[in-house]
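K.L.:
Following the hints, put chain B in place on chain A, whose structure we already have.
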Amino acid sequence: MAVALVLLLVAVASVLFHIYSPWWWTPIASNWRYIDDTINLTFWITGAVFCAVIAFMAYCVFRFHHKEGRRAAYNPENKKLEWWLSIVTAVGVAAMLAPGLVVWHQFVTVPDDATDVEVVGQQWMWSYRLPGKDGRLGTSDARLISSDNPLGLNPNDRNGQDDIVIQSDDLHLPVGKPVKVLLRSIDVLHDFYVPEFRAKMDMIPGSVTYYWFTPTRTGTFDVLCAELCGVAHAQMRSRVVVQEAKEYHAWLERQRTFAELSGQHDVAKAAYRTGSE
Amino acid sequence: MVDIPFDEVAGIPPAEVGEVELYHPHSWWTRYVFSQDAKVIAVQYSITAMSIGMVALVLSWMMRLQLGFPGTFSFIDANQYLQFITMHGMIMVIYLLTALFLGGFGNYLIPLMVGARDMVFPYVNMLSYWVYLLAVLVLVATFFVPGGPTGAGWTLYPPQAILSGTPGQDWGIVLMLASLILFIIGFTMGGLNYVVTVLQARTRGMTLMRMPLTVWGIFTATVMALLAFPALFVASVMLLLDRLLGTSFFMPTLVEMGQLTKYGGGSPILFQHLFWFFGHPEVYIVALPAFGIISDLISVHARKNIFGYRMMVWAIVAIGALSFVVWAHHMYVSGMNPYFGFFFATTTLIIAIPTAIKVYNWVLTLWRGDIHLTVPMLFALAFIITFVNGGLTGLFLGNVVVDVPLSDTMFVVAHFHMVMGIAPIMAVFGGIYHWYPKVTGRMLNEALGRFHFWVTFIGAYAVFFPMHYLGLLGMPRRYHDIGETTFVPASAHDLNAFMSVAALIVGFAQLVFLFNLIWSLFKGKEAGSNPWGAASLEWQTPETPPGHGNWGKDLPIVYRWAYDYSVPGAAGDFVPQNEPPAGLATQGAHP
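These protein sequence lines map, in sequence, to chains A and B. Quick note on numbering: the first sequence equals residues 1 to 277 in our numbering. Quick note on numbering: the second sequence equals residues 1 to 591 in our numbering.
Careful: at least some of the hints might be erroneous.
As the list claims (entries may be wrong) - So the derived list for chain A, only partly shown, Cβ under 7 Å to chain B, looks like this:
1) Thr26
2) Trp104
3) Ile145
4) Ile186
5) Asp187
6) Val188
7) Ala199
8) Asp202
9) Ile204
To be verified - Here are a few chain A residues that face chain B, going by a calculated C-beta distance under 8 Å:
10) Leu7
11) Thr38
12) Met96
13) Phe107
Keep in mind the hints are simulated off the structure, nothing from the lab. Note that this is a predicted model, so its numbers are computed, not measured. Backbone N, C-alpha and C define an ideal beta-carbon position, used for all residues, glycine too.
Next up, chain A with everything else stripped away, as it sits in the complex (with noise of 0.2 Å):
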């Protein structure tokens, strides 16, 4: 029977699409293995129900398709087979839905020892900032923008004045060390997307969002927003650069400080009136 055959066909290239495709996911650079095995599982479940579904479907129009003098059986219900399948599926569903639980929680509690690093959103750029040696990052405020301060630093902030400030150049991280990503944009939704980290949230002006991650290994990737934001939103990239420690520091004696940026002159007003407050 032609149909059957096409039926089964089409669940036949599906499964040989997916084993020889050489479009699979990009080599993963974080510590989130985890996700991937939970995509390969729910890989293994929901092809084997796609493929019984439509094997069975297939045999049925290959069995009992029309044929003269054929008469269909007459059977409304039959509630013992209903609440088995029922029960079968709400197995296959819980094995997938519990281990997907299981690493969401890691992915929402971030370690203590994680390091605070900043990406800033804005059409079509990102900009980045880490926090000096105090190790804290200082407040902003979309309401501080203006040329001179295009991050909306708060001036008066003494934590943020010796924050690292990145602008229109890569950010550079060192491998081993987890990192929460506080995200934040100053226009319209974005979101901050390296496909090698596996992670992605979006960055919406007004709050904060963050997430986090550990690099795991050495290497350049691509940084892409993931949330339409215009017209010039396939151009907004930038890239990671994940590095060993040592060279990592060195990169990192080179950046510039929020206070270096705006200005000896800034500096000593801003000294000034938190020294009268």
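P.N.:
Using the frame of chain A, we list chain B on its own:
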């Protein structure tokens, strides 16, 4: 399997209320244009929806040309690409599928399937269509205003939807929101009709548990739509106020092109919650009528009762209810409180269980059937394959942590096209091939139908199945050109080109379908009143096409469910719903 004889009730309750006087048309205008007859309104809805759907189809060609052959076509730039995806999505989801399933199939089938003479509020029903048409015209107008239609994506997320940097920021977004508001007003008028007709105007003997599943699907979808669309309505009004009057419902303090705006204090996430509170039920508003139609097609063309009717009804109702508590699975990476993920992943995966039951019961209906591989049956089989495929990838995206790498990639595009694009369209086509003989009195051409089926099914599958793998690769959606990356191999561009060619072929196959619709209207084989030998009530009308008032002098009386096929001991292989059981004298309409 155990055979349970289905209900066969000897006594039929007497009519509780007398018949209502119908509005009778007096001229060509009130008969065919400003008609209050649900059947005419259904055809008007269907033609309008399919016409605007053709616009969306052409837009999809433009998108595929750009994705398959970036930089080749000078008439497509980044601005236009965003406008194309936005309008394509909005038209297909709302102005085509919602309008066609509820306004088209709903209007035609509900009164005929439940044995009513018309919808209960014919005048409001007529208004519903004209407001819908106005909504479509306002939508079309956005193509001709300065700046063109909005390019904010069909989700219209603020802030970018109303700020410069997004195409259509001047006029496009304003008209888009106005059109949505009109659509919802029009839909509400029609939707109230469908619900009240099902609840109040069923003929004697047509209990709720004897209704065909098509009616159950459309009825439940309409109830859901009446509850979900208001969320979109208020979101549209508030966004319009933000855009026109400078309010800040969805707008925090932000910078527009380097300049601080006057906005402040609003929440972009609030819009997303409102949008998806509508948007997720919307998926099932499209899916449930398709479920119902497919159940009926499979049963009729396999000459076998639908397996597990009661479970099917409860599954529809359960899916309808559950779909209101899963909306934030569209927002796992939106920046909402990440702890919501636990709740919404759980509810989302639970919904897989009633959905799976429906799939099992469809294929179990085929088991030991007498399967006629007619064109409607072929579309039903293709529906099952594409729906199962798309439903299963939903288990990836619904499982919160798996969604993190896959969201906003082509995997999502592939998933929702398979599950709420291709699958419902298969149900639409199957339904049209199935009911066209009742609407026109003529059969659609079988050979053209088969050609249309194979090209559409195989072609659409070839477009969307491989697309998942581009998403796995990490290719983001809504990119007009992926450009230079380190992780997308050159072979991915070849795959994109292949998908584009397949999409163009599928698109052209729809012209064959349109030709068939028109050609068969005049040259099609005479259908007779019941060409498929179907048991449900719409095939038992005294005239084909059914006349005004549907049932001639007396309303039908229903004695059985809609699925008495191949009943042991019965003479033919089906027993119409209005055929009295043996031994019961035929009753008059007014005993």
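K.L.:
If a hint holds in the structure, say so; if it does not, say that too.
P.N.:
Each hint tested on the structure:
Because the beta carbon of Thr26 of chain A sits about 4 Å from the nearest beta carbon in chain B, less than 7 Å, this interface hint is met. Checking Trp104 of chain A against chain B by beta carbon gives a least distance of about 4 Å; that is within 7 Å, so the hint holds. Interface restraint check: Ile145 of chain A against chain B, minimum CB-CB distance 5 Å, threshold 7 Å, status holds. A hinted interface residue such as Ile186 of chain A counts as satisfied when its beta carbon comes closer than 7 Å to some beta carbon of chain B; here the least separation is about 5 Å, so the hint holds.
A hinted interface residue such as Asp187 of chain A counts as satisfied when its beta carbon comes closer than 7 Å to some beta carbon of chain B; here the least separation is about 5 Å, so the hint holds. Below 7 Å, beta-carbon pairs count as interface contacts, and Val188 of chain A has one with chain B at about 4 Å; its hint therefore holds. Given the 7 Å rule on beta carbons, the hint for Ala199 of chain A holds: about 6 Å separates it from the nearest Cβ of chain B. The closest approach between the C-beta of Asp202 of chain A and any C-beta of chain B is roughly 5 Å, which is under the 7 Å cut-off, so the hint is satisfied.
Taking 7 Å as the C-beta cut-off, the interface hint given for Ile204 of chain A holds, the closest approach to chain B being about 5 Å. With a least beta-carbon distance of about 7 Å to chain B, the hint placing Leu7 of chain A at the interface is held under the 8 Å criterion. Because the closest C-beta pair between Thr38 of chain A and chain B is about 5 Å apart, less than 8 Å, the hint holds. At a threshold of 8 Å, the smallest CB-CB gap from Met96 of chain A to chain B is about 6 Å, leaving the interface hint in force.
A hinted interface residue such as Phe107 of chain A counts as satisfied when its beta carbon comes closer than 8 Å to some beta carbon of chain B; here the least separation is about 6 Å, so the hint holds.
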